[in-house]
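**Student:** As they're listed, the protein sequences go chains W and D. With the first letter of the first sequence counted as 1, position 227 gets the number 243 in the numbering used here; the numbers rise by one all the way through. With the first letter of the second sequence counted as 1, position 196 gets the number 212 in the numbering used here; the numbers rise by one all the way through.
By construction, these hints were calculated from the structure, which means they are not laboratory data. Backbone N, C-alpha and C define an ideal beta-carbon position, used for all residues, glycine too. Wrong hints could be hidden among the right ones.
Derived DSS-like pairs: lysine-lysine, alpha-carbon spacing no greater than 30 angstroms straight-line [stated by the list, open to error]:
{"#": "1", "chain 1": "W", "residue 1": "LYS142", "chain 2": "D", "residue 2": "LYS82"}
{"#": "2", "chain 1": "D", "residue 1": "LYS300", "chain 2": "D", "residue 2": "LYS350"}
{"#": "3", "chain 1": "W", "residue 1": "LYS222", "chain 2": "W", "residue 2": "LYS242"}
{"#": "4", "chain 1": "W", "residue 1": "LYS286", "chain 2": "D", "residue 2": "LYS350"}
Anything over 10 angstroms on all C-beta distances counts as not near chain W; from chain D, calculated [stated by the list, open to error]:
{"#": "5", "residue": "GLY106"}
{"#": "6", "residue": "TYR163"}
{"#": "7", "residue": "GLU297"}
{"#": "8", "residue": "GLY329"}
{"#": "9", "residue": "LYS362"}
2 protein chains.
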Amino acid sequence: MGKRREPDGLEPVAGNGLLNRRLFLERALAAGAGGAALSVSAANAEPLTVPKWTLEPGASFNPYGKPSKFEDKVVRQFAPPANPATQGVGSSRTPHHLLDGMITPNSLHFERSHGGVPDIDPAQHKILIHGLVKRPLTFTIESLMRYPMTSRISFIECGGNSGGLSAAQPAVLNVQGIHGLLSCAEWTGVKLSTLLDEAGIDPAAKWILAEGADSQSVSRSIPLAKALDDVIVCLFQNGERIRPENGYPVRLLVPGYSGNMNIKWLRRIKLVSAPVMTKDETSKYTILLPTGKAWQFVLPLEVKSMITRPSPGINLGGQGYHEISGLAWSGNGKITKVEVSADGGKSWAPAALQEPILSKAVTRFRAPWNWNGGPAVLQSRATDDTGMVQPSRAQIIAERGLRGQYHFNAIQSWAVDEKGVLANVHA
Amino acid sequence: MGKRREPDGLEPVAGNGLLNRRLFLERALAAGAGGAALSVSAANAEPLTVPKWTLEPGASFNPYGKPSKFEDKVVRQFAPPANPATQGVGSSRTPHHLLDGMITPNSLHFERSHGGVPDIDPAQHKILIHGLVKRPLTFTIESLMRYPMTSRISFIECGGNSGGLSAAQPAVLNVQGIHGLLSCAEWTGVKLSTLLDEAGIDPAAKWILAEGADSQSVSRSIPLAKALDDVIVCLFQNGERIRPENGYPVRLLVPGYSGNMNIKWLRRIKLVSAPVMTKDETSKYTILLPTGKAWQFVLPLEVKSMITRPSPGINLGGQGYHEISGLAWSGNGKITKVEVSADGGKSWAPAALQEPILSKAVTRFRAPWNWNGGPAVLQSRATDDTGMVQPSRAQIIAERGLRGQYHFNAIQSWAVDEKGVLANVHA
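Excised from the complex, chain W in its bound form (with noise of 0.2 angstroms):
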């Protein structure tokens, strides 16, 4: 009596607005649009008109394909800006609020080089596998085709990626510029174990040198475990070969293991007793704690999630009905679970789950939300199948300092004001 039931799916589940998100299963969205319940956002029919496009010819084909030139502002955002003198050094982000789904198309997945992209002949080009085997080989792309291949839609991320969020002050920042360096595509290729099998591993072994071509010779050290358990030698990416900026002509997949580890333009892999304690793991990608010490060998990136849309840049054109979407993700397994707050975490709503939720990607989620108009604060929290759950800034911030800001994967707020107008605050 006295208040109305809302529709199935309608009642609300957590603090500000935040909906059931069974509304997405049982078609209740609708039945309460069309009952006023929800002000979604269709318009009473207009008269049918015909298009100028409609009344000519449209544009013959293309061999490659390329996005409408009404979509150009979708692009890769640089950090720092173009530098003649250190042409390359840097990375480039991927729009994600812009995009849905859980596939990044390669020509906006996320880059990060250390000195440029090198122009590589891919029938010049050889790697050679050393050090602590019975019999050193040499493989070049063609004989690489020959072997047996595997795919696996995998995120890569950096281990710099939303480090920015340990800063004092928040950051005036969309999701491109603090959570753009992190990707999401089907890697095809070989498994490293086949080739480490045939050059025969020494007993002595314990860990792999991955060395790129690039000027710089970026490399890393990698158990033999993980080098043995789910590493691949990459030749296509997203169905195609891989992009330069990726690593064409050939590049590691490790599954979940901090992004530079995936190294780009391989040129050799020599099994070791130790790690080589590279430039690449001890001048930086360490996680530098307040007494001054460093975490090294911090390998896979902890259960992490962020809201795509709404998000800076993209705000709410009015009141109501409003989907609350984002990414999550892993590098120690499934994510099972993701909650959404609306009241800076004073309530949580458990999101949908888009499938296929697979082990070490990204889960698309999705959650309703009826914004009432008033200001709200806007975050997510995933969860992974090894019981790991997101922490909040203050935790690891109370665990690091300000200053150990690799492998950053803090639960982060976007502040929604009565304009519904969203910015990155700490809350």
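Dock chain D against chain W, hints included.
**Tutor:** Leaving out everything else, chain D in the frame of chain W:
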């Protein structure tokens, strides 16, 4: 005694050198190769050299990336060739012999256009839902972005794909020419059921008519039950906005149904009581029988597969180990089995199926093969979870004659000669 036992996984399981798919699981290939039981293709180690691209800074960042210049032959193929008098009428085909994995990158997704690609301004484009509804509605692209989204990885296949196999003599074509009107992408958008429910479905409605904004107004009738089941009004393709040739800014995904029902440049949906009998479902896209009658509204695409490597143009470099790889799919559900033959169908070996195996998506299969240098005829045969098995070419022709070329899902054959060169044959 007598015959030496092969290493685990290397025993033949079908005629003409087909090996056990367990080889992919048990790291037995390398044991075999190291022991010279199988010839793969690594060479003994060569001294490391430093190529010129390692000695200079690499290229800088690119806002929207593109493939290596060395991959400029990885392009779609047009048929018929471009003709100014019929600009944009025809198709362009995916180069599957040069790809691997399950995702087709957007630039290489096949295209079939009847009137060219319209250059649509998304800010001006509208979609009307009308006919047997309680409240006709108009949607802008901006308004669609407010609705709950869903994603799925799905193939789209032109109903005419592989129709050339009905020719009495085998066409001199490669896998792109024969099977290239099939691609697979992750599609994201709003469930059509959500929009139809908001308009309010009149109980008299049994079908929908979907119409495109291209100059030919391609339009198809779709059963309402399908529209309410899994049809998506798509805005995103592999993460980014749909490409122009695939329906920008909005197309239908009608999972598993004949390609041209996935209406591109979607302009309106009218709810109707019976199929509308448009030109696109009467004058074509029907299956003509020897009697002169035709099957209409053959909707789901039946179970099918193709071998993509080796295939014509991707010939065998030498005797020994090769992977036979390809794609299988069914408009009725999931692939449960793919068998491969190297002796023209006399004997069959089960292929390994690459995860994830998704309903109405392609599944990559792989089978290990030890080529002895003699003639071979390679075939693949898929089974889906409804129990349907891909038929032989002879079975289809016995049923339909040579003119019923739509939905042509026969087993197809690549002959291998003693030089390792492949060709399309009827076997």
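**Student:** Now, for every hint given, state plainly whether the structure supports it.
**Tutor:** For each hint, the structure was consulted:
With a C-alpha separation of about 23 angstroms, the suggested pairing of LYS142/W with LYS82/D holds against the 30 angstroms cut-off. The straight-line distance between the Cα atoms of LYS300/D and LYS350/D is roughly 28 angstroms, inside the 30 angstroms bound, and the hint therefore holds. The hinted pair formed by LYS222/W and LYS242/W meets the criterion: a straight-line CA distance of about 10 angstroms does not exceed 30 angstroms. Note on LYS286/W and LYS350/D: the hinted pairing is violated, with a Cα-Cα distance of about 42 angstroms set against a maximum of 30 angstroms.
Non-interface status of GLY106/D relative to chain W is broken: a Cβ of that chain comes within 10 angstroms, the nearest being about 7 angstroms off. With a closest Cβ-Cβ approach of about 6 angstroms to chain W, TYR163/D is found to fall inside the 10 angstroms limit, against its non-interface label. Look at GLU297/D: its CB is around 20 angstroms from the nearest CB on chain W, clear of 10 angstroms, so calling it non-interface holds up. With a minimum CB-CB distance of about 13 angstroms to chain W, GLY329/D clears the 10 angstroms threshold, and the non-interface call stands.
Against chain W, the non-interface label of LYS362/D holds: every CB pair exceeds 10 angstroms, the least being about 24 angstroms.
The structure fails to meet hints 4, 5, 6 from the earlier list, while all remaining hints are met.
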